[in-house]
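With the hints as a guide, dock the two chains, each given alone in a separate frame, to form the complex.
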Amino acid sequence: MELADLIVKDTEARDVRLGDLWRDRPAVLVFLRHYG
Amino acid sequence: MAELRPRADEFAKAGGKVAVIGNGWPAMAKSWAEHVGFPPSVAVLTDPSRKAYDLAGMKRSVALTLFNPFALVRWGLAHLHGFRQGKTAGDAWQQGGALVVQPGGKVTFRYVSLGPGDHPRPAALLAALKRAA
Numbered sequence: 000m001e002l003a004d005l006i007v008k009d010t011e012a013r014d015v016r017l018g019d020l021w022r023d024r025p026a027v028l029v030f031l032r033h034y035g
Numbered sequence: 000m001a002e003l004r005p006r007a008d009e010f011a012k013a014g015g016k017v018a019v020i021g022n023g024w025p026a027m028a029k030s031w032a033e034h035v036g037f038p039p040s041v042a043v044l045t046d047p048s049r050k051a052y053d054l055a056g057m058k059r060s061v062a063l064t065l066f067n068p069f070a071l072v073r074w075g076l077a078h079l080h081g082f083r084q085g086k087t088a089g090d091a092w093q094q095g096g097a098l099v100v101q102p103g104g105k106v107t108f109r110y111v112s113l114g115p116g117d118h119p120r121p122a123a124l125l126a127a128l129k130r131a132a
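Protein sequences, first through last, are from chains S and W. Residue numbering for the first sequence follows numbering that gives the first Met the number 0, starting at 0 and increasing by one per position. Residue numbering for the second sequence follows numbering that gives the first Met the number 0, starting at 0 and increasing by one per position.
Extracted from the complex, chain W is given alone in its bound form (with noise of 0.2 Å):
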């Protein structure tokens, strides 16, 4: 998802805040949010024990990642736009996706990704928050 990093702003002038939540340790999240370079205005968290992705309704899955002919065509595409993955850091069977949230709590967009390269586009997530705003 570091194609958020362009239209971060986008995202603060909408009203928004923008956190994005990984599953390593600390270090790994903090190497990579400088590797990255977001915004102050996007927070960088994670959650090594992975409870935030249960309750969000995230999968974790084996055959989603290894044995997904959608995310093969996916990392294709992906590679022919010069995208190159690193070193994983974090749980590598976990997968996804995204919440928009509103004050009170109540989730107005949910996206359950169903394997590698499989994300909402950024356009989605910030039309989602500004119908939430």
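Pulled out of the complex, with its shape left as it was, chain S reads as follows (with noise of 0.2 Å):
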């Protein structure tokens, strides 16, 4: 699987496809080591 077809969560327990973070212009993600 490519990172960009990954589904995550929002914080409303939405679908949310990577790729569509970078689709139209470029993204950064930060990937947290735990919430706190």
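No wet-lab data here; the hints were simulated from the structure. Watch out, some of these pointers could steer you wrong.
[What the hints assert, rightly or not] Using 20 Å as the maximum straight-line C-alpha spacing, the simulated DMTMM-like pairs for lysine to aspartate or glutamate come out as follows:
1) Lys105/W - Asp4/S
2) Lys8/S - Asp53/W
3) Lys12/W - Asp23/S
4) Lys58/W - Asp117/W
5) Lys105/W - Glu1/S
6) Lys50/W - Asp14/S
Written out as structure tokens, the structure reads:
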């Protein structure tokens, strides 16, 4: 699977396809260790 | 990475989208996002499966978390500067990092964290974004 095709969740538990973040513009993805 | 918040507008002005991805449940992400106070331009997301971390090349390690002298030094410096870590919500052994991805999917910047407190500075991320735009 490609990173772009992965489905994650937003804060309302809605599906978000990662690739949509950089479809039209560059994206910065920051990966947290954890919340807190 | 809460230090991104005061500079969020700079990322938007540079023509990029910022997404912060954690690995807890959506309710954890929502609580954390409200606590940090990110503007609407920043997407706060979560991946409980941690597949995104694996695909992005991030590390998961007990040793990097617990037996890491560099992390202890960073924790001490952060403490001196007033940072206090809250209760852990998510996978405690997962390490973080960052990517900058161009339209089309090319990764032009990758930072793989090697322990607690090891993360790219916002200025480095902003510079990488400007190069990718």
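Checked hints:
A threshold of 20 Å between alpha carbons decides the hint, and for lysine 105/W with aspartate 4/S the separation of about 14 Å falls inside it, so the pair holds. Between lysine 8/S and aspartate 53/W the alpha-carbon distance is near 16 Å, which keeps this suggested pair within the 20 Å criterion. For the proposed pair lysine 12/W and aspartate 23/S, the alpha carbon gap of about 15 Å is at most 20 Å, so the pair holds. Simply put, lysine 58/W and aspartate 117/W have alpha-carbon atoms about 12 Å apart, close enough for the 20 Å limit, and the pair holds.
The straight-line distance between the Cα atoms of lysine 105/W and glutamate 1/S is roughly 12 Å, inside the 20 Å bound, and the hint therefore holds. For a cut-off of 20 Å, the pair hint linking lysine 50/W to aspartate 14/S stands: about 15 Å separates their Cα positions.
Consistency with the previously given hints is maintained throughout, with no hint failing.
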